[in-house]
Each structure stands twice: as structure tokens, then as C-alpha cells.
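A.B. asks: Construct all of the structure, not just a fragment, from the sequences and the given hints.
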Amino acid sequence: MQDVVGFIGLGVMGKPMARNLLAKGYPLVVHNRSRAAVDELVSAGAARAASSADVARRARRIITMLPDSPDVEQVLEGPDGVFSAIQPDSILIDMSSIAPATARRLAEVARAHGARMLDAPVSGGEVGAINASLSIMVGGDADTFAKVTPILHAMGNPDRVVRIGEPGAGQICKVCNQMVIGGTLAAVSEAFALARKADVDVALVRDALLGGFAASRVLEVHGERMLKGNYKPGFRARLYAKDLRIASQTLAEHETPAPVSAAVHQLVTALVASGRGDDDYAAVATVLFELAHLEPQVSST
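As numbered in our numbering, residues 2 to 302 make up the sequence shown, in order.
These are calculated hints, taken from the structure and not from any lab test.
A hint or two may mislead.
To be verified - Below, computed lysine to any residue pairings styled on SDA-like, alpha-carbon distance capped at 20 Å:
1) K229 <-> D144
2) K233 <-> E109
3) K148 <-> V5
4) K233 <-> S275
5) K233 <-> E296
6) K198 <-> A209
7) K148 <-> D160
8) K148 <-> E109
9) K229 <-> D208
10) K148 <-> P28
11) K243 <-> K148
12) K243 <-> A209
13) K148 <-> A209
Unchecked claim - Quick list of simulated restraints, FRET-style, between CB atoms:
14) L205 <-> P258: 23 to 29 Å
15) D200 <-> R36: 50 to 56 Å
16) R246 <-> G79: 20 to 26 Å
17) A253 <-> E191: 22 to 28 Å
18) P258 <-> A293: 25 to 31 Å
19) D90 <-> D279: 37 to 43 Å
20) R36 <-> K233: 20 to 26 Å
21) S85 <-> D202: 37 to 43 Å
22) A209 <-> G166: 34 to 40 Å
23) A24 <-> L195: 43 to 49 Å
24) N231 <-> V181: 18 to 24 Å
25) D4 <-> L205: 47 to 53 Å
26) L211 <-> V128: 16 to 22 Å
Please read all numbers here as calculations on a predicted model, not as lab measurements.
Ideal placement from N, C-alpha and C gives every residue a C-beta, glycine not left out.
C.D. replies: See the structure below:
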């Protein structure tokens with residue numbers, strides 16, 4: 002008999018992740034701020050919970066997938082929150098992208114309640130969530146990780162479910178992930194802007210770069226978005242801005258200079274400030290295109 006899993010947070014990422022748990026045969030208890038996503042999962046076989054505390058009463062394996070640190074704190078520590086009703090030996094798996102310092106603090110609070118907590122942020126976007134191909138970066142003790150590895154494999158690529166280290170290490174890895182993506186995204190945008198200004202076929206430039214050392218998933222996936230001017234959100238720019246804010250705070254805590262990431266943060270802030278925070282974060286290219294006095298869309302094909 003598989004563990005009953007509680008799932009709190011059924012947004013763009015959380016809902017398909019929860020569906021994949023159902024598909025793998027896990028009994029699921031779900032809760033979400035808006036009702037529509039809950040109704041959809043209940044119709045697919047999940048059980049409805051009245052509150053976060055109700056989830057904790059009914060499941061000893063609890064996943065949270067929420068937008069930001071304050072949201073996770075509210076769900077866990079707020080009135081009628083998870084910690085108010087958590088059962089002994091429960092395991093919390095926070096798959097949100099939050100501040101590493103918050104993840105470490107909440108792991109201590111969980112331990113004080115007789116529970117254990119993993120921080121397990123993900124990479125792969127909505128497509129990865131739908132296809133159960135997410136990369137999952139885990140912080141927490143090895144024994145706890147081993148107990149819930151099958152649950153994580155149900156949502157991610159088993160080859161990319163990696164325990165990074167102790168509590169908070171998963172979130173540090175996610176910060177590193179977002180920094181690398183941001184630097185690459187900005188460089189690809191700048192390269193495309195140059196090609197366009199020089200009247201060179203950007204699609205051919207991308208094809209050539211994909212065959213050499215400049216190849217990357219950013220160039221492959223987001224480069225195509227830039228070519229088509231398609232910024233339908235897979236991961237919203239405003240959430241990426243939040244991740245870069247966390248990166249900035251974490252870098253400061255560890256006295257680590259990161260001038261490239263700081264510049265990317267400013268570009269993403271400009272994108273959000275222009276009213277495009279609900280576009281995909283690849284739309285940061287449009288900021289650089291505008292600075293170069295180019296139209297944001299290369300082609301409509």
C-alpha cells in the first residue's frame with residue numbers, strides 16, 4: 002500500500018505534479034486556495050481537504066508547491082496550518098522555490114514538532130511538471146530523502162532527482178540554477194539582437210550555435226521562443242524576478258559577488274515593471290531588443 006500524500010498548492014506546476022502522483026497510484030489529499038483546481042483533481046480521484054491542517058491530519062507525506070517564502074510560512078505556521086495538526090514522523094517536502102534561510106528555519110520547526118522536512122525545488126517548467134520529467138534538487142538528511150524518493154520519482158526524472166546536502170542545500174542549488182539560466186538567457190538575447198542588427202538570419206545563427214559549445218537548453222527552448230515572439234508563460238517573469246531577489250539576498254548573506262546575475266535581475270525587473278510580469282521569463286529578450294531599437298518579435302512562424 003502506497004503512502005497517502007497530501008498536496009498543497011495546485012498552480013501551474015503543482016496541479017500536473019499532483020496528477021502524476023495520482024497516475025502512479027498514490028492516494029492523494031489536496032488543498033488549494035482556489036477551488037477549481039481542487040475540483041479538477043477530486044474528479045480525477047483525489048480527496049478534498051478542508052484546510053492545510055486537514056491535510057496534515059490525513060497524510061504523513063505532505064508536499065507544498067507555493068509561490069514564495071511567505072506563502073510557505075503561512076501554510077505551515079499560520080492559523081489552521083500544517084504544523085498545528087502534524088502527525089509524528091510526518092515528512093514535509095517543500096517543492097517551492099524559497100529563500101534557503103527560510104528552508105533551514107522551517108526544517109528546524111518541523112523537527113521540533115517531531116516531523117522531518119526536505120526542501121526540494123524543481124527545474125523544468127510547466128512542460129517538465131506535465132511530463133514528470135522535472136529535475137529535483139533536494140536538501141535534507143539522507144534517511145528522509147530515501148523514504149520519499151519513490152514519491153519524487155513519480156514527479157521527476159529519476160536520473161535528475163538529486164540530494165544536494167543538508168536542509169537548505171536544495172534551495173541553494175535552485176538559486177545557482179536560476180543564476181545560470183539568467184546569464185545564458187541574457188547572452189542569447191544579446192546575440193540575437195546583434196544578428197538582427199547586422200541583418201543576419203537569426204534562425205540560422207541559432208541552428209549553427211546549437212551544433213557547437215554554445216549549445217544549451219536555453220538556446221534551444223527559449224531561443225525558439227525569441228524567434229517566434231511566443232512568450233506564453235511556462236514560467237512567469239514575475240516569479241523569476243522573485244527567484245532573482247532570493248538569489249540577491251542569498252549572495253549577500255554569503256558575501257559572494259555576482260555582477261552578471263545583478264544585471265540580469267535589473268533586466269527582469271524592467272520587464273515586470275513594463276507590465277509584462279505574466280509573460281514567460283524568456284521575454285527578457287524583448288527588453289534587450291528594445292534597447293537595441295528592434296521590434297520584440299523576430300517572426301510569426
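A.B. asks: Each hint should be assessed against the structure and marked as holding or not.
C.D. replies: Taking the hints in turn, this is what the structure says about them:
{"no.": "1", "hint": "K229 <-> D144", "in the structure": "violated, 46 Å"}
{"no.": "2", "hint": "K233 <-> E109", "in the structure": "violated, 39 Å"}
{"no.": "3", "hint": "K148 <-> V5", "in the structure": "holds, 13 Å"}
{"no.": "4", "hint": "K233 <-> S275", "in the structure": "holds, 16 Å"}
{"no.": "5", "hint": "K233 <-> E296", "in the structure": "holds, 18 Å"}
{"no.": "6", "hint": "K198 <-> A209", "in the structure": "holds, 18 Å"}
{"no.": "7", "hint": "K148 <-> D160", "in the structure": "holds, 17 Å"}
{"no.": "8", "hint": "K148 <-> E109", "in the structure": "holds, 19 Å"}
{"no.": "9", "hint": "K229 <-> D208", "in the structure": "holds, 14 Å"}
{"no.": "10", "hint": "K148 <-> P28", "in the structure": "holds, 17 Å"}
{"no.": "11", "hint": "K243 <-> K148", "in the structure": "violated, 31 Å"}
{"no.": "12", "hint": "K243 <-> A209", "in the structure": "violated, 33 Å"}
{"no.": "13", "hint": "K148 <-> A209", "in the structure": "violated, 45 Å"}
{"no.": "14", "hint": "L205 <-> P258: 23 to 29 Å", "in the structure": "violated, 37 Å"}
{"no.": "15", "hint": "D200 <-> R36: 50 to 56 Å", "in the structure": "holds, 53 Å"}
{"no.": "16", "hint": "R246 <-> G79: 20 to 26 Å", "in the structure": "holds, 22 Å"}
{"no.": "17", "hint": "A253 <-> E191: 22 to 28 Å", "in the structure": "holds, 26 Å"}
{"no.": "18", "hint": "P258 <-> A293: 25 to 31 Å", "in the structure": "holds, 27 Å"}
{"no.": "19", "hint": "D90 <-> D279: 37 to 43 Å", "in the structure": "holds, 41 Å"}
{"no.": "20", "hint": "R36 <-> K233: 20 to 26 Å", "in the structure": "holds, 25 Å"}
{"no.": "21", "hint": "S85 <-> D202: 37 to 43 Å", "in the structure": "violated, 60 Å"}
{"no.": "22", "hint": "A209 <-> G166: 34 to 40 Å", "in the structure": "holds, 39 Å"}
{"no.": "23", "hint": "A24 <-> L195: 43 to 49 Å", "in the structure": "holds, 45 Å"}
{"no.": "24", "hint": "N231 <-> V181: 18 to 24 Å", "in the structure": "holds, 23 Å"}
{"no.": "25", "hint": "D4 <-> L205: 47 to 53 Å", "in the structure": "holds, 51 Å"}
{"no.": "26", "hint": "L211 <-> V128: 16 to 22 Å", "in the structure": "holds, 19 Å"}
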